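Engineer: I would like the entire structure built from these sequences, with the hints used as guidance.
Chain residues, written in single-letter form:
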Amino acid sequence: MTDIIAARLQMALSLGFHIIFASIGIAMPFLMASAHFLALKKRDATYLTLTKAWSKGVAIFFAVGAVSGTLLSFELGLLWPKFMEHAGPIIGMPFSWEGAAFFLEAIALGIFLYGWNRVSPRIHWGSGVVVGLSGVASGAFVICANAWMNSPAGFDWNNGQPINIDPWAAMFNEASGIQGLHMIVAAFEAVGFAVAGLHALLWLRHRHDIHLKALRLAFVMGAIAALVQPLVGDFAAKSVARRQPAKLAAMEALFETQRRAPLLIGGIPNEETATVSFAIEIPAMLSFLSYGDFNAEVKGLNDIPHDEWPPVTIVHIAFQIMVGLGTVLAALGAFGLFAMKWRPKWFMDPRFMKTLILATPLGFIALETGWVVTEVGRQPWIIYGIMRTSEALTPRPGIVYNLLLYMVMYLVLTFVVGLLLWRQTRLLHRNLRLGGS
Amino acid sequence: MTFTLSIILLFLAAALLLYVLLGGADFGGGILELVLGQKRRHDLRQVIDTAMAPVWEANHVWLILAVVIVFMGFPPLYTIITVHLHLPLLAVLLGIVVRGSAFTFRHYDTLDQRFSAVYSRLFTYSSLWTSFFLGVTAGALVLGRIAPEANDFVTLYINPWCNLFCVAMGLFTCSLFTFLAAAYLVGETNEEELRLLFRQKAMAANAVVILLGVVVFTVAEFSGYPLISSFFRSPISIACIIGATILWFPFWYCMLHNKSILLTRLLGASIVGAVMAGWFAAQYPEAVRITAQTGAGRSIQFIDVAAPTETLRALMLALLFGSAVIFPALGYLFSIFKKAKTSLPDNLGVHD
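Keeping their order, the protein sequence lines are chains H and D. Those letters in the first sequence? Residues 0 to 436, per numbering that gives the first Met the number 0, in order. Those letters in the second sequence? Residues 0 to 351, per numbering that gives the first Met the number 0, in order.
No wet-lab data here; the hints were simulated from the structure. Just so you know, these numbers come straight off a predicted model, no measurement behind them. Among these hints, one or two may not hold up.
Rough simulated footprint, nothing fancy, chain D against chain H, three-plus residues with beta-carbon under 8 Å [unchecked claim]: (1) 398 to 409; (2) 421 to 431.
Which chain H residues stay away from chain D? Per the calculated CB distances, all over 10 Å, these [said to hold, decoys possible]: (3) His-305; (4) Arg-342; (5) Thr-388.
From the three backbone atoms N, C-alpha and C, an ideal C-beta is built for every residue, glycine too.
Structural biologist: Spelled out as structure tokens, the structure:
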């Protein structure tokens with residue numbers, strides 16, 4: 000395995016791992032704060048137990064997310080020093096804001112987790128909300144930096160050196176807003192459905208009221224996010240069409256530049272023959288979705304130099320999975336919200352519960368494949384149109400050993416966190432039994 | 000040296016200092032648990048757990064802050080560090096991951112005791128491991144064996160940190176962290192016997208710190224790093240050393256006579272802070288020392304590797320604004336969890 004492939008895999012692995020924890024850090028505190036709010040307002044002991052149970056989950060995920068994030072802050076430099084050297088002065092600013100937001104999050108979490116009976120209920124509840132808000136803020140800041148890699152701004156490139164640096168223009172580049180929104184909504188969607196699925200399973204097994212309450216809160220959050228997401232995703236795709244035609248062409252496996260470009264659903268692209276097999280074709284739909292005009296011309300891969308093509312197959316398939324799962328979750332969300340309001344029996348139906356259990360990982364799979372589209376779709380560039388990923392690689396040989404080490408570490412961590420969650424639910428039920436409720 | 004750059008360097012120094020004083024003490028807690036006998040380990044664990052849990056996430060953000068400052072404000076420096084100190088940094092990072100996870104898992108996984116022993120072992124050993132490699136990395140930065148123009152793997156990636164001076168720095172760091180932990184922990188328990196134990200450990204660690212400090216200075220001289228003369232070149236360093244020495248007497252008085260716990264903590268932290276500040280002043284304005292192709296040492300100064308003015312200004316703004324939010328919040332956090340126990344001496348009789 001070459002060093003560049005090993006380094007890219009290691010980065011993918013690290014980000015793919017961290018993003019799960021970051022998403023939970025963004026969305027979960029709001030669930031926790033909602034349960035806490037209901038506990039305080041209704042003086043409801045079940046909601047209080049739920050708040051505490053969820054807060055333990057938040058603490059575990061936060062801790063692992065914090066260490067994997069610390070790892071990443073070094074790893075960018077360990078693997079891509081040339082990128083960091085050039086990008087640092089331009090795009091360091093969102094990282095410094097992210098640092099501040101993360102700091103606030105750590106402080107607020109400390110107050111929330113250990114502040115029971117130490118601070119007033121109002122401040123205590125507020126600290127939980129601050130955890131969520133600063134989680135959203137740090138997510139948004141980091142996305143600004145990633146968006147800049149897709150849509151470089153705020154500098155002029157002169158003989159391989161950046162000049163006329165404007166950190167503000169870099170931070171608020173064209174992609175920042177939409178990419179950040181897309182990701183944050185995705186975090187709420189993925190976490191909402193994952194938590195709902197988990198509690199649906201626990202409800203079917205234990206029939207304890209606490210799981211039904213948890214399920215409803217989480218489902219509402221996930222369902223609303225899932226219904227908003229297609230709209231946000233459409234804006235995101237239009238933005239990609241404008242800024243990164245190569246990425247859009249790879250997402251849609253469009254090999255020929257054309258007017259009335261068709262939208263492909265599914266299909267397996269072949270880069271050698273520039274064809275796609277097994278796809279359902281909707282004529283002119285891609286032109287419409289990209290530019291709001293059925294006759295618009297969409298740039299195909301044939302107009303992009305071959306050495307600047309992203310890996311088409313991976314990007315296209317990942318994009319199909321993301322959109323497909325997003326659609327499934329939106330449908331499930333719409334049905335569930337309808338049932339909750341007008342057909343409570345449907346919502347309580349074991350078949351619906353089982354569907355929710357099956358849907359547990361779908362949001363996260365969509366989120367991960369979405370990141371594959373963003374990151375692999377930008378290749379071969381690390382800074383789009385400016386610096387190639389291969390130019391940024393560390394000169395140190397033997398990256399494959401790092402990769403192996405990281406793989407083992409993440410596998411073990413994933414296993415232990417999973418085990419821990421399972422043991423937490425057992426602990427919860429033991430306490431519930433002891434509490435007599 | 001511009002005003003903006005000075006402010007940023009002050010923040011960098013403060014972040015590193017606070018990481019040592021707060022995060023370092025957390026590492027020291029783990030080391031203390033490791034070196035303490037099996038008999039007292041359980042009591043100690045509970046004290047450490049209660050003392051650290053609410054604040055420990057915050058204590059470790061200082062490192063991220065320092066990384067961000069270097070990355071944005073001094074990008075070439077960040078690149079030199081991450082390329083040439085890749086291996087010790089990797090060791091630090093592994094340690095941070097294992098330690099952070101194990102501590103949290105131990106805290107929450109209370110279903111039964113089987114797992115706790117494993118978590119504890121991971122937590123204590125990785126505390127020692129991480130502290131050691133943090134010291135090694137710090138030593139490698141100042142020693143000057145980083146040779147960016149070399150051609151072979153060993154000179155490029157091993158020699159900069161695998162040497163006697165860096166090992167001495169690693170051990171020194173471990174002892175320093177342990178000292179801090181013991182000095183702080185005296186105030187975290189009501190049990191007189193445990194208190195006595197912490198006081199003893201703090202004093203013992205203090206002796207080891209001084210001993211290893213002498214070793215570090217001596218080895219530095221033999222390794223071609225003029226640490227002593229750079230200390231005596233800077234008036235601030237001299238003042239810091241004198242200050243630390245003066246503070247050392249009331250600290251030992253408090254330790255020996257079981258005096259005010261808050262004062263003991265402040266004195267312990269001030270001594271370490273003064274030594275660190277003295278070292279920073281001696282180091283200034285040098286960012287890192289490297290070996291040029293000719294074999295001669297060359298110092299790279301902060302101003303040589305500073306980012307353009309626009310970037311520095313943005314960074315300064317972020318730091319000033321951020322600290323306006325962070326410091327009050329942090330003060331509030333510490334006031335909630337660290338206030339109650341500092342007044343404990345008065346109630347001691349009640350608990351006994």
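Engineer: Take the hints in turn and mark each one as holding or not.
Structural biologist: Status of the hints after comparison with the structure:
Judged by the Cβ-Cβ criterion of 8 Å, the stretch 398 to 409 of chain H is covered by chain D as claimed, because 3 of its residues qualify and three suffice. Beta-carbon proximity to chain D at under 8 Å applies to 5 residues in the stretch 421 to 431 of chain H; the threshold of 3 is reached and the given coverage holds. At roughly 31 Å from the closest C-beta of chain D, the C-beta of H/His-305 stays outside 10 Å, upholding its exclusion from the interface. Annotated as non-interface, H/Arg-342 keeps its C-beta farther than 10 Å from every C-beta of chain D; the closest such distance is 39 Å.
Distance check on H/Thr-388: its Cβ is at least 16 Å (rounded) from any Cβ of chain D, clearing the 10 Å threshold; non-interface status holds.
Of the numbered hints listed earlier, not one is contradicted by the structure.
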